[in-house]
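Q: Line by line, the protein sequences give chains A and B. The first sequence finishes on residue 557 if you use the numbering used here, and the numbering steps up by one all the way, no holes. The second sequence finishes on residue 365 if you use the numbering used here, and the numbering steps up by one all the way, no holes.
Since the hints were made in silico from the structure, they are not lab data. Possibly wrong hints are sitting among the right ones.
[As the list claims (entries may be wrong)] Between beta-carbon pairs, the in silico distance windows are:
1) 504/A / 364/B: 26 to 34 Å
2) 330/B / 527/A: 44 to 52 Å
3) 525/A / 249/B: 24 to 32 Å
4) 525/A / 260/B: 25 to 33 Å
5) 310/B / 557/A: 14 to 22 Å
6) 357/B / 532/A: 17 to 25 Å
7) 491/A / 334/B: 18 to 26 Å
8) 264/B / 503/A: 38 to 46 Å
9) 505/A / 274/B: 38 to 46 Å
10) 519/A / 365/B: 41 to 49 Å
11) 545/A / 362/B: 24 to 32 Å
12) 266/B / 519/A: 37 to 45 Å
13) 527/A / 364/B: 41 to 49 Å
Ideal Cβ positions, reconstructed from N, Cα and C, are used throughout, including at glycine.
Listed below, chain by chain, are the residues.
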Amino acid sequence: DIQMTQSPSSLSASVGDRVIITCRASQSVGTYLHWYQQKSGQAPKLLIYFASSLHSGVPSRFSGSGSGTDFTLTISGLQPEDFATYYCQQSYTFRTFGQGTKVELK
Amino acid sequence: EVQLLESGGGLVQPGGSLRLSCVGSGYPFSDYAMHWVRQSPGRGLEWVSAIGVSGTYYADSVKGRFTISRDMSKSTLYLQMDSLRIDDSATYFCARYASGNNAPSDYWGQGTLVTVSS
């Protein structure tokens with residue numbers, strides 16, 4: 452099975468900050484890597500697909516990069532509605548999620 | 248508007264069974280692969296099972312106990328869960344795969360809670 456490891460597990464940030472979350476795969480997944488946002492009590496929402504493509508309706512402050520085993524999600528200019536938990540997911544073989552990164556208000 | 252609505256969760260004893268349902272609307276249900284993902288506090292998001300034109304797939308943790316199926320005439324996805332264990336307790340989400348191979352999940356239901364306890 453492909454294991455996905457996110458870092459950090461949590462972070463504290465202020466509105467307007469630039470936030471970077473990383474995701475590492477235990478083997479190459481090419482660009483079959485997606486990012487989701489989940490708020491408490493809600494279902495995950497797709498943000499970025501195939502490593503760097505922005506899903507419809509997602510603000511442009513969200514961006515993704517990487518290929519192979521190392522990926523990043525960047526939020527440029529954190530907004531109040533962005534405080535949530537973020538998950539990466541590989542779709543190279545079946546589906547595996549990272550353990551999540553909780554973004555909290557500093 | 249694409250919508251997915253799960254139902255069927257509840258409290259069940261270890262060894263018992265439940266059938267979850269997920270009704271899709273707002274899109275051609277038969278054109279998209281679907282899957283189930285569960286989430287528990289201690290285990291995060293865990294892919295459970297998927298169904299598409301190429302067949303059905305299961306996580307090792309549920310293989311032989313869970314069965315995924317769908318009724319195209321009712322635009323409904325099912326998850327039959329047998330021999331339930333305490334660690335199957337979770338919120339179960341159904342989700343649609345976007346078009347194309349190795350696609351992400353572009354729409355999710357709100358989830359249904361399954362609690363396995365004596």
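Q: Evaluate each hint against the coordinates.
A: Evaluation of the provided hints:
Hint check: residue 504/A to residue 364/B, Cβ distance near 42 Å, so the stated range 26 to 34 Å is violated. Checked against the hint of 44 to 52 Å, the C-beta distance between residue 330/B and residue 527/A comes to roughly 48 Å, which is consistent with it. Against the hinted window of 24 to 32 Å, the Cβ-Cβ separation of residue 525/A and residue 249/B comes to about 28 Å, which satisfies the hint. One distance hint, 25 to 33 Å for the beta-carbon pair residue 525/A and residue 260/B, is violated here, with the actual separation near 47 Å.
In this structure, residue 310/B and residue 557/A break the distance hint of 14 to 22 Å, their C-beta atoms being roughly 44 Å apart. Checked against the hint of 17 to 25 Å, the pair residue 357/B and residue 532/A passes, with Cβ atoms roughly 19 Å apart. With their beta carbons about 23 Å apart, residue 491/A and residue 334/B fall inside the hinted range of 18 to 26 Å. One distance hint, 38 to 46 Å for the beta-carbon pair residue 264/B and residue 503/A, holds here, with the actual separation near 43 Å.
For the pair residue 505/A and residue 274/B, the supplied restraint of 38 to 46 Å is violated, since their beta-carbon distance comes to about 21 Å. At about 46 Å, the beta-carbon gap between residue 519/A and residue 365/B stays in the expected band of 41 to 49 Å. Taking 24 to 32 Å as the suggested C-beta distance range, the pair residue 545/A and residue 362/B conforms, at roughly 26 Å. Restraint check, residue 266/B to residue 519/A: a C-beta distance of roughly 40 Å satisfies the suggested window 37 to 45 Å.
Range check, residue 527/A to residue 364/B: Cβ separation about 45 Å, and the 41 to 49 Å hint holds.
The structure shown violates the earlier hints numbered 1, 4, 5, 9.
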